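2 protein chains.
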Amino acid sequence: MNDLWEFSVKDYIKEDNYKNGTLFNLANGYSGMRGYNEFSLYNNPGNYIAGIFDRSTAQVTELVNLPNPLLMNIYINGQKIDLDLNNVIDYQRILDMKNGILRNEFIVEVQKGMRVKVESERFVSRKNVHRWGSRYSVTSLDSQAFLVFESSIDGGTVNSQNNPKEVTKHYKVSSVHDLKQAIMMVVKTNDKKIEVAQASCLVMKERKFSKLKFNDLQCMVQQAGDIVAAKGETVVVYKFGSSYSSRESSNAGMDCKRELEAFIVEGYENELQKHSELWQGFWDGSDIKIQGNTQAQAALRFNIFHLSSCAYDKDQTVSIGAKGLHGEGYKGHVFWDTETFMLPFFIYTQPEVARALLMYRYNTLDGARRNAFMNGFSGAQYAWESADDGLETTPKWGYDYNNKPVRIWTGDIEVHISSDIVFSIFEYYRATEDKDFMFKYGSEIIFEVCRFWTGRTVYNKDKDLWEIKSVIGPDEFHEHVDNNFYTNYLVKWTFSKALELRQKMKDECPWELNRIENYLCLTEKDYAAWKRISDKILINKQQGTDIIEQFEGYFDLKDYEITSADENGMPQWPTGLDLSELNATKLIKQPDVIMLMLMMPQEFSEKELKANYEYYEKRTMHKSSLSPSMYSIMGMKVGDTHNAFSYFMKCINTDIKDNQGNSLMGLHAASSAGAWQTAVYGFGGFGIDSQGMACFSPWLAPDLQSIEFSVVYKNSRIKVFYDHKKVVITSERDMQVKVYSEVILLKSGIECEVKVNK
Amino acid sequence: MNDLWEFSVKDYIKEDNYKNGTLFNLANGYSGMRGYNEFSLYNNPGNYIAGIFDRSTAQVTELVNLPNPLLMNIYINGQKIDLDLNNVIDYQRILDMKNGILRNEFIVEVQKGMRVKVESERFVSRKNVHRWGSRYSVTSLDSQAFLVFESSIDGGTVNSQNNPKEVTKHYKVSSVHDLKQAIMMVVKTNDKKIEVAQASCLVMKERKFSKLKFNDLQCMVQQAGDIVAAKGETVVVYKFGSSYSSRESSNAGMDCKRELEAFIVEGYENELQKHSELWQGFWDGSDIKIQGNTQAQAALRFNIFHLSSCAYDKDQTVSIGAKGLHGEGYKGHVFWDTETFMLPFFIYTQPEVARALLMYRYNTLDGARRNAFMNGFSGAQYAWESADDGLETTPKWGYDYNNKPVRIWTGDIEVHISSDIVFSIFEYYRATEDKDFMFKYGSEIIFEVCRFWTGRTVYNKDKDLWEIKSVIGPDEFHEHVDNNFYTNYLVKWTFSKALELRQKMKDECPWELNRIENYLCLTEKDYAAWKRISDKILINKQQGTDIIEQFEGYFDLKDYEITSADENGMPQWPTGLDLSELNATKLIKQPDVIMLMLMMPQEFSEKELKANYEYYEKRTMHKSSLSPSMYSIMGMKVGDTHNAFSYFMKCINTDIKDNQGNSLMGLHAASSAGAWQTAVYGFGGFGIDSQGMACFSPWLAPDLQSIEFSVVYKNSRIKVFYDHKKVVITSERDMQVKVYSEVILLKSGIECEVKVNK
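Chains P and A supply the protein sequences, listed in that same order. Position 631 of the first sequence, counted from 1, bears residue number 631 in my numbering, the numbering being contiguous throughout. Position 433 of the second sequence, counted from 1, bears residue number 433 in my numbering, the numbering being contiguous throughout.
No lab work stands behind these hints, which were simulated from the structure alone. On a predicted model such as this, the values are computed, not experimentally measured, just so you know. Every residue, glycine too, gets a C-beta built ideally from N, C-alpha and C. Honestly, I wouldn't trust all of these hints.
Part of the chain P face toward chain A, derived, beta carbon under 7 Å [claimed, not checked]:
hint, residue
1, Phe146
2, Val148
3, Glu150
4, Pro164
5, Leu217
6, Gln218
7, Cys219
Not close to chain P: a few residues of chain A, all C-beta gaps over 12 Å, as computed [to be verified]:
hint, residue
8, Gly113
9, Gly292
10, Asp389
11, Glu742
Okay, chain P solo, but in the shape it has when bound (with noise of 0.2 Å):
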């Protein structure tokens, strides 16, 4: 254990409990838990279950937040720990990465002369996802003790506990249970009645407590157990959890139950053991060292943690909302961070999660569907926001500082989503050539995202052109723009694959392109519109230069040099600038151009990948976590690498340093993929060209010494080793590849040297 596999605070402010809550967060996929602080009061407690979301009288459908089984007093001779009312003599909170478990160390003077430490400890279990434990070894150090745990579920928590503007319980306690060792709390969620049962017991090993008391609170449920201990004895309390719900079983009751019986039975340091050696597993296939910046490596690996907490392949019916399962900021919602930002690093490390990820497509296209019918078109129209059942769930309404209501769009224009995903399928199915996942389900999608846009788009008889009009490109400052060129280029390319697709099913496998035709009544008309409308969109290229417009009439937009930027290096607004006519500005939220091009830059010349680079990153203001990482890969790209680094650093610390002053809300998922994005794809140089072939281009920044990564591509994992001499790199089948231009055939397992191009 060390600094490199640490991420940890040394100092207790109690402010700092609400964002760290999304900092100590645990997950394992299936449930997600914040990092509650059990001693203290302030805290934004947040336990979640994927998949399980409610509106009740809320705005929009919202991920739960569920009954809260962490809460936990500890009082000694009759006083509380609490680490506001007692003197804190000294205190640790460590997320140890490398095996999953948050941890807890802390020396305080409950009153005077009478010192306790405590040391705790923390997992969900990534083994049985419906487990999760504590341990909890208290010493009073000054005398002896009695000592009493209370142990509760708290069943009063809500949304939104801070806002209380939206503050919604979306939950009813339908019963609380004695287990006659352990506790259990049943609840039901209002709208759809959905059971999700918690269970907890607390359990000495060597010694018993003197006394086990149960209290039925109504909205709480609570154990109790007192012990004396000798000054200077360490008492160890462990505290078993267990969690269903009706999504996965018809009797959450009594599965909560015995998975808490065979829990204890099999014993906590044995769960925790697989628990471990499980992430340490995946660390192997994914982790990214870094030598030469500890802090640049632990925080790397602070982001491809919690991204990775939140993955959970045996559940096809949900994916990754835009803050993890780590909070509930957008209300758990998914959108296209998912497959833009998040997918990738799942493509190449667990391709196995990624598919899972895009089956929750599949799984949401009936709700896809529903969006495109009721917005007057055929096909399937993907929801900017998404839950449980793809249904659009942007909000309509949100409000500016002085509460006046502002409507948001997004859920209504920002249409380029159900191409994003179109595109993830094809990326996905290129690195993993996973044909029964194309053919039966990705190609659904595909046929019917290019049905909805045979509607949306309009074919404009002056120009003999079709145009897409009213949207918002991934640059949410402009709204309500017509020809926006990353969402007409990804049509077209939408329509382009698709049409290639039909023809691969046609030759590969008739009998499923037959069933899907005949199940989408899909007739050559329809091909032939994708055709006509893929030939001829309007795609806003203009002659006599390399820099392409955002969307029809930006160029004309009033420019504005970002020139200050603010103590962490963000642009600062331009002086003189109104806020609320950032419309009419070419000032940009986060890249649009830049986006497609670093998703296809194979379509583009290296000469308009510099060029509209260099346009557009003096223009963006990096109000989305998404956008430095962004330009920092395609700053490697087009050489500029002299922000490449400090872009970075800004991305893997979004959440460790609370950049965006949010990070109480949830993880910056997407941020964190970008994370791995700029490690691999930029410093990494990663890629596949067009002949679908991997290539690596490395740059080292010159502070680093080395960096080392790997990647599976087509059902082999190609290891990457590199420092400022060389690149070493493995595959585990052989292979062709791509260093520096240079093609090599990789043997399977024999390390290739290749010398660093200066």
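Mind docking chain A on chain P? Use the hints.
Okay, now just chain A, sitting in the frame of chain P:
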């Protein structure tokens, strides 16, 4: 308004919120609401309705902590006003005792450069006991502000919140209601299914909220209103509250709703006005004015305020618990404290309240009969600790500092309480001549208590005397003692007064006597037994000394000198003392022999009073808050005034300075009453002589300028003013009184001046 009528706290210390919950409690006899601080998470909220007790899983039945309707979160620009998080610039909490209003005034900086001023008040109506209200005036000092007022009724309250071994929730939330303007919660207690409805409503007067949102959180119901305020604009929000229970209503929910509606229609200011008038009317009759010491004046009023706030003459089925309606100490139980310490205050200021309190004993007579029956006796044995039905509710077990169980014997053998009640009935009767009460109700109690004593006393053939074995007297350091002087003397007195009463009833209302004799099956045999025991009960007065032995064998115990005092002037344990063997020492907890002498001074010679005072005072540890005031009074009686004023100051500051360290558990109500007794019985030298004449021998501490008080005696208010030179006395009716042994005939309304006897 000035210091003489205010109790205030000017520093905000979060740890003090707990005891301030008691110090700023508001009650109207029907209900008591602890001084909950809405702007902190550190609180032990308490909301009690007199007479609502429940046992559930607790050791004994306890006063139920009902849902807390006082929750109010105020958000300014999204930031919660929180005294523990914000920078507190200015802070003041004031109890306006003249008008019965609690006020808060503070300025906090919620964020840098965002100061907000909050002024709030709260009252629990004396006019309509089912109503309470509060007002919040909020001013954003630095900028325009978006304000949200989030008002809740919290159904998550429990008893013993900070004691994990005893935490109990005594009710279940049955339902919450959106009253379309207001919110309501209905709960039901676990055992007796008493229903309690509480409603509240946020109202703005001039402006209206932009929006009022209802929120059902199952165990909490909320209402949130928001509004934008200009910089410097004071936004005023009223919170109306009402409560009803099924103890007094057949439809608590409906009555609660109607009460709230009527309250809103009649208006906040109107109710507050009437409430204030009632408090002022109360003070007209019950105030004690002390010139020359501001702190003493305010502190004495503090005690009178809190004591009288617990009284409610309309309900004859409840009494005042040892901790008032101010907290959960002693579980809300009623002890001898009420009759022996508190009742004199009510007898001589509000006889109608005294009658109601005695009626509680009448209405729980069946419980007392049951207690006697359970212990093998006939008649009525009053519970040492009494709740709603008069059954014994003293816990049998407590815990020492090492969590070792300790048997509590008071409920079994501290039997003097039954005669204490008889004594107080005669006291009440002597002062009021309320024959209706005495003949109909008092007599039944008295006769039943006599009957109990015939069983509890035992005849000792050798001595030819009746004895009372194995008791605890007022001094609880000594358990299982025989022939405690206090107890035996009072029992003798009880019998003889009962026989007198019987004779009186025979003469004055034989039909009532006849009814009672029939009902109680009382025969001449009973009376004869009373006479027999009364004549021959062991009264432990020894020849050759005026000092009375507290109980048999007391003089043989180990003697300890109290030689040192702590920083509060309270005695410290003599060195070398083993606290587990107090039983074997002469140290006493509180007056025992002296207590009896105070209750019936006319039965003892001045020499006896003095000798016993001197003997016992130096062996008294004052481990009861009732102790110092009693010694103060006796000191003045026997001419030892040197401790009188300092004991008085100690007594009036018991809670203000938290002398006993447990003010957070509730008011030391008997100590509050002791303050009144010290002022009136001690300083005022008020007493009734054996001929029933009111006597006054005022004594003025050298530092004071004057004292003014009044007592109601035989239906006539006697006002007394005195300074160092004269005593000025008036009576509403013609009346003979004694001033310094001089008999004076007061003519109705005419001032009479007597020179001070130095």
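*Would A/Gly292 pass as off the interface with chain P, using Cβ distances and a cut of 12 Å?*
holds (39 Å)
_Restraint: P/Glu150 near chain A, CB-CB cut 7 Å. Satisfied or not?_
Result: holds, 4 Å to nearest chain A Cβ.
_Interface hint for P/Gln218, Cβ within 7 Å of any Cβ on chain A_ = Holds, about 5 Å.
_P/Phe146 was flagged as interface toward chain A. Is the shortest Cβ-Cβ separation under 7 Å?_
Check passed: Cβ of P/Phe146 comes within 5 Å of chain A, closer than 7 Å.
*Against chain P, does A/Asp389 hold up as non-interface, every C-beta pair farther apart than 12 Å?*
Holds: least Cβ distance 25 Å, greater than 12 Å.
*Can we keep the P/Leu217 interface hint, with Cβ of chain A closer than 7 Å?*
Hint on P/Leu217: holds, closest Cβ of chain A at ~4 Å, below 7 Å.
*Minimum Cβ distance from P/Val148 to chain A below 7 Å?*
holds (5 Å)
*Hint check: is the beta carbon of P/Pro164 less than 7 Å from a beta carbon of chain A?*
Holds. Min distance 4 Å.
*A/Glu742 non-interfacial with respect to chain P [C-beta, more than 12 Å]*: holds (57 Å)
*For the hint on P/Cys219, does the least C-beta distance to chain A fall short of 7 Å?*
holds (4 Å)
*asked:* Using Cβ atoms and 12 Å as the threshold, tell me whether A/Gly113 really stays out of contact range of chain P.
replied: Correct as stated: the minimum Cβ-Cβ distance to chain P is 15 Å, above 12 Å.
Every hint, counting from the list given before, is met by this structure.
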